[in-house]
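S.K.: Letter by letter, the chains look like this.
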Amino acid sequence: MRRRLLTLVAALLLTLGFASATFLALRQPLSLGDYLAVWGLKARAIHASGELSAVFRVDPAGDFSHPEYPPLWPLVLAGTAKLVGRYDELLLTLLRPLLLALAAGLTLARTRAPLPARLLAAASLTLLPYFQTAAYTGYAESLLLVLVLAAVFLLENAVSTPFTPVAAGLLLALASLTKQEGVLVLIVVAGLLAADRRLRDAAVVAGIGLGLGALPWSVYRSAHGVSGLADFGLAAFQPGKSLRAMAALGETALLAALPWLLGAALLLALAPGIRRTRRPLFLGAGTFAGLLLASFAFARPDVTWLVTWTWDRLALLPVAAVLPALFEAAAEPFETGGE
Amino acid sequence: MLALLAGAAAQDLPFSDSLAMAGRFWSAGPRGRLLNAPGLARDAAFAADAMRIASAWPLDADAVLSIGPLVPTDVRERLRRKASYVLAPRRVVLAPGRGAEVTLLRSPAGAPPR
Numbered sequence: 001m002r003r004r005l006l007t008l009v010a011a012l013l014l015t016l017g018f019a020s021a022t023f024l025a026l027r028q029p030l031s032l033g034d035y036l037a038v039w040g041l042k043a044r045a046i047h048a049s050g051e052l053s054a055v056f057r058v059d060p061a062g063d064f065s066h067p068e069y070p071p072l073w074p075l076v077l078a079g080t081a082k083l084v085g086r087y088d089e090l091l092l093t094l095l096r097p098l099l100l101a102l103a104a105g106l107t108l109a110r111t112r113a114p115l116p117a118r119l120l121a122a123a124s125l126t127l128l129p130y131f132q133t134a135a136y137t138g139y140a141e142s143l144l145l146v147l148v149l150a151a152v153f154l155l156e157n158a159v160s161t162p163f164t165p166v167a168a169g170l171l172l173a174l175a176s177l178t179k180q181e182g183v184l185v186l187i188v189v190a191g192l193l194a195a196d197r198r199l200r201d202a203a204v205v206a207g208i209g210l211g212l213g214a215l216p217w218s219v220y221r222s223a224h225g226v227s228g229l230a231d232f233g234l235a236a237f238q239p240g241k242s243l244r245a246m247a248a249l250g251e252t253a254l255l256a257a258l259p260w261l262l263g264a265a266l267l268l269a270l271a272p273g274i275r276r277t278r279r280p281l282f283l284g285a286g287t288f289a290g291l292l293l294a295s296f297a298f299a300r301p302d303v304t305w306l307v308t309w310t311w312d313r314l315a316l317l318p319v320a321a322v323l324p325a326l327f328e329a330a331a332e333p334f335e336t337g338g339e
Numbered sequence: 340m341l342a343l344l345a346g347a348a349a350q351d352l353p354f355s356d357s358l359a360m361a362g363r364f365w366s367a368g369p370r371g372r373l374l375n376a377p378g379l380a381r382d383a384a385f386a387a388d389a390m391r392i393a394s395a396w397p398l399d400a401d402a403v404l405s406i407g408p409l410v411p412t413d414v415r416e417r418l419r420r421k422a423s424y425v426l427a428p429r430r431v432v433l434a435p436g437r438g439a440e441v442t443l444l445r446s447p448a449g450a451p452p453r
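Chains as they are written, first to last, in our numbering: chain A, 1 to 339; chain B, 340 to 453.
One chain only, chain A, in its complex shape (with noise of 0.2 Å):
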């Protein structure tokens, strides 16, 4: 009966998120800040033209658009214009709810305990601030968190098959052609597997990853003439920059973060089998964090404006990742042994 109740709830708390999170992205059309500088602009011309290298010529020297971006969520925002016969803005934003969607099944498969911490993962998910903001909605990563997530989960998957790299690393290089924070991942995913000694899922992974994501974007990308990182640069190194960019984060973000990082130190305090189980996830993830911060050390522009406009977007996707081992954490105080 207790049981039933908290599936109720966690369901109620996974619908009025979803409900949320959808409503806020359907209720006006994509335009606002990256949307209409980088993802939404590259989208249209590629629409307008049918043309891919569409994407350097609307801002040929680079000012604002980023044109060394990957091209996958321009070319998804393109393609599914193509498909309803018209670039509309408020069409588009359909694409929110669905990829949400497929973040919060993917959460909800990866969690690993009793339906109601499953239910609840899911919910927090689509609670998370990312997907309550309005400008959001027409940014890249959303689908680069659903790439992401898949990923993972098929590599969490205790069946393994020789499939299972082949799909992941598919999925991953998809993710490299979404976001750079995708060749990152993608690295650290290699990374893992090796050191776990699953050497051929490695190099399997990090080979297709590479070779169809990262590989031909740069290659593409080198032919048209433009740079892999404009924001960032060997010649801009300085190690100081990195404790700027962690002393920006902590001034940013610090103190609405440190109650939610308490709260995961006790959950996990209290959970030494998820401790040990998750072990690998939340290595991946701390590895990941590190670099993207040891990344701030190469930075061009102002290492504080970049953290302080970037720090909740690099954010998601590690908080994603570990959402369902926090709760595997919340619920196995309350686990018999049973499940």
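Calculated directly from the structure, the hints in this document are not laboratory data. You can take every hint at face value.
Taking lysine to any residue pairs in the SDA-like style, the calculated list, with each CA pair at most 25 Å apart, reads:
hint : chain 1 : residue 1 : chain 2 : residue 2
1    : A       : Lys82     : A       : Leu98
2    : A       : Lys82     : B       : Leu398
3    : A       : Lys82     : B       : Met390
4    : A       : Lys82     : B       : Ala361
Keeping the supplied structure of chain A fixed, place chain B upon it in accordance with the hints.
M.R.: Leaving out everything else, chain B in the frame of chain A:
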């Protein structure tokens, strides 16, 4: 969970206003939707001009956006991005204008903007 729920409940607009906004957008036509979209509505007259040009000019006709020195830098950048978005895949190049001038003109044929 409660904190996340509270965060989601604290919306940027009252629910009734949000609902009315959604109703207006979903009942409008594509042109009205775009002109009134939050990212464009602030410069609706300029966006309307750009939309008219987008439907009239060929796709390979690039544009020159002349903006005078009296127009603040942030507004200049905002207008440039809006023009680029509405006119995509055409190139939009900034050129110095006079006073508070803001005009979108076709780039001279044979002289692609740089």
